[in-house]
Amino acid sequence: NAGVTQTPKFRILKIGQSMTLQCAQDMNHNYMYWYRQDPGMGLKLIYYSVGAGITDKGEVPNGYNVSRSTTEDFPLRLELAAPSQTSVYFCASSYLSNQPQHFGDGTRLSIL
Amino acid sequence: AQKITQTQPGMFVQEKEAVTLDCTYDTSDPSYGLFWYKQPSSGEMIFLIYQGSYDQQNATEGRYSLNFQKARKSANLVISASQLGDSAMYFCAMRDDGAGSYQLTFGKGTKLSVIP
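Chains H and E, in that order, are what the protein sequence lines are.
Each residue of the first sequence is one higher than the one before, starting from 1 at the first, in the numbering used here.
Each residue of the second sequence is one higher than the one before, starting from 1 at the first, in the numbering used here.
Isolated chain E (complex conformation):
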């Protein structure tokens, strides 16, 4: 069963507008972590934001915020005031803490294109 689902293969957003990238996850473990990474066309993986399953408040990092809805098992990334440099692939990932697992499970990604 797929643990991380990103249903939007591609998204377009106008420069300076906000955009939400969807991510749903599946786990039965009460302890887990959720991550978002950005992969520009140059190929590197850049960490953006982290949300722990026990965190009471939604994580924020500058223009990035994570809309964490635990009951719905969703962890959507919100980018405010989009910039041209935000055009990239965005991956949602989960670290499932059950059974001492250390790996990140990644979704298939969403390609974001920012339009001038």
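Bound-form chain H, shown alone:
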């Protein structure tokens, strides 16, 4: 049971570098989401997608980009990494918008 798979699990970036966080789900879910979790806080939505080819901004989208070319994959792109983007990133998916979201194990990202 793969569910939602995130790679990598850990990454250290230098300021100004770019990288892509990968997220894949094998549950044929329509909805996919990217959240960030800062220390001692709950999760905040970065971007979400309601299906292939459709994405929209969440609460904290600045500094990030997403794409959704297939139902299964929803990568998150950081173009110019900044220390404020040091966080744990979670990808989630759900079949419908009103159903529970299933989360990946997270990617711990540090920007130095």
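Far from chain E, by Cβ distances over 12 Å, these chain H residues were calculated:
#1 Ile12
#2 Thr20
#3 Tyr64
#4 Leu78
Straight-line Cα separation of at most 27 Å, DSS-like style, residue types lysine-lysine; simulated pairs:
#5 Lys44(H) x Lys70(E)
#6 Lys70(E) x Lys108(E)
#7 Lys16(E) x Lys111(E)
#8 Lys108(E) x Lys57(H)
#9 Lys73(E) x Lys44(H)
#10 Lys111(E) x Lys3(E)
#11 Lys57(H) x Lys9(H)
#12 Lys9(H) x Lys108(E)
#13 Lys3(E) x Lys108(E)
#14 Lys70(E) x Lys3(E)
#15 Lys73(E) x Lys108(E)
#16 Lys57(H) x Lys14(H)
#17 Lys44(H) x Lys111(E)
#18 Lys44(H) x Lys3(E)
#19 Lys3(E) x Lys73(E)
#20 Lys44(H) x Lys9(H)
#21 Lys73(E) x Lys111(E)
#22 Lys9(H) x Lys111(E)
#23 Lys44(H) x Lys57(H)
#24 Lys44(H) x Lys108(E)
#25 Lys111(E) x Lys70(E)
#26 Lys16(E) x Lys108(E)
#27 Lys3(E) x Lys57(H)
#28 Lys44(H) x Lys14(H)
No lab work stands behind these hints, which were simulated from the structure alone.
Glycine included, each C-beta is placed from N, C-alpha and C at the ideal position.
Given chain H, work out where chain E should sit, using these hints.
Coordinates of chain E only, in the frame set by chain H:
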């Protein structure tokens, strides 16, 4: 304005006892959903229980139940017969269905420690 409030940063409970984790929410939309997630020290987010705003009965899932008081805008999580493995962070979250919003808004969490 904060949409989800969890007023207990930390809680202790004796093993085998019941514990209630508080959650209050704020929305003007009649249609919404309330969720509880568990985050162990390993970091993953585990879905526990869901309550829809139109559900007539309180949700239950095994040892978890949700005490839903709509007029008070509260959605407290009750864990019965606590186990050592219940030690974790617990997050309350709301999906506000107004204006086609799909996001979950999370509270800051409550750290539960189960004492042997």
